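In order, the protein sequences belong to chains A and B.
Residue 1 is where the first sequence starts when you use our numbering, and the numbers rise one by one after that.
Residue 1001 is where the second sequence starts when you use our numbering, and the numbers rise one by one after that.
Treat the hints as calculated values from the structure; they're not laboratory data.
Warning: the hint list may mix true and false statements.
[Stated by the list, open to error] Here are some of the chain A residues that sit facing chain B, going by a computed Cβ distance under 7 Å:
#	residue
1	Tyr31
2	Tyr50
3	Gly63
4	Tyr64
5	Pro95
6	Gly97
7	Asn99
8	Phe103
Given the structure is predicted, the values throughout are model-derived calculations rather than measurements.
No residue lacks a Cβ here, since even glycine has one placed at the ideal position from N, Cα and C.
Spelled out, the chains give:
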Amino acid sequence: DAGITQSPRHKVTETGTPVTLRCHQTENHRYMYWYRQDPGHGLRLIHYSYGVKDTDKGEVSDGYSVSRSKTEDFLLTLESATSSQTSVYFCAIRPTGLNEQFFGPGTRLTVL
Amino acid sequence: TQLLEQSPQFLSIQEGENLTVYCNSSSVFSSLQWYRQEPGEGPVLLVTVVTGGEVKKLKRLTFQFGDARKDSSLHITAAQPGDTGLYLCAGASNTGTASKLTFGTGTRLQVTL
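Okay, chain B solo, but in the shape it has when bound:
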């Protein structure tokens, strides 16, 4: 069974601070996605990383895929209250019938004024 561990589980910071969330596995994935989920809603895709060592930026969010494609990080610069939510990483693996995602347990971020 493939497992994805995210750390930290909870993070409470003030507006303007920087933070990094980690997603680690012992398995290799063909790609890795990051999602953000707000209360009462489904996860929303933020980014997909595919190549080992790849770095993608989405405004104040920077995503990195590990060289061995087993881990990833999400760095947020100058966090804002609108960044509050549950951040989920998900690794993709391809079986005979369909591509499937394995999700991490999530990092719950709260950004206060």
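Okay, chain A solo, but in the shape it has when bound:
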């Protein structure tokens, strides 16, 4: 158990509304990542963080922003949700010095 939780686990929202997903870790790891998983695309990196207030973009960052004000929490925000952002979102942590990542249980987001 990597000590990662995600909330909410499921959410249905309407186009144009803001949505924030939360990733919480209990292991005090420096590196955290947000991915989305869609059929035929595997997992794609949205944003990642390499420390408090230190974040960078991944390959599919358009329409998403992130914040990390403390080590244990990494927030993913959809400022104005679109139907193309319907997906399953996974958070991951990576212990310093290792390449392996450990994943949370995911959030299933549906944008109507």
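Place chain B on chain A using the hints.
Here is chain B on its own, set in the frame of chain A:
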């Protein structure tokens, strides 16, 4: 953009059969991980291979990293229904700020009695 291609995309076999899943790329990775994912859950790490030509065994699962560190294979001997799931390979590359993973599209395995 680094790409990882997995084959086959789908595989349905009977209990006791052997199978091999492939993960190929034109890029070199510092290491490669294999994950298994079950419905409604996040991917779970199975193994990491680091050295070109490396072979690792995990019970009935054998993982190999290509000599040039661009490809990998997963072989399952005597598959069981509990092996059912989505198998993902992921290559690690190190940027200036953090190590990142590039994932393959996955191989969905179903093992039936």
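When the least beta-carbon distance from A:Asn99 to chain B is tested against 7 Å, hint result: Where the cut-off is 7 Å and the nearest Cβ of chain B is about 4 Å from A:Asn99, the hint holds.
Interface restraint verdict for A:Tyr31 against chain B (beta-carbon cut-off 7 Å): holds, 6 Å
Status of the hint placing A:Gly97 at chain B (closest C-beta pair under 7 Å): Violated: closest Cβ of chain B sits about 10 Å from A:Gly97, beyond 7 Å.
Restraint outcome when A:Tyr50 is required to lie within 7 Å of chain B by C-beta distance: Where the cut-off is 7 Å and the nearest Cβ of chain B is about 5 Å from A:Tyr50, the hint holds.
Chain B contact restraint for A:Gly63 - C-beta distance below 7 Å: violated, 19 Å
Supplied contact hint for A:Phe103, tested at 7 Å Cβ to chain B: holds, 3 Å
Restraint check, 7 Å cut-off on beta carbons, for A:Pro95 near chain B: violated, 11 Å
Chain B contact restraint on A:Tyr64 - CB to CB distance below 7 Å: Since the shortest Cβ distance to chain B is 16 Å, the answer is violated.
In summary, the structure is inconsistent with hints 3, 4, 5 and 6 from the numbered list given earlier, while agreeing with the others.
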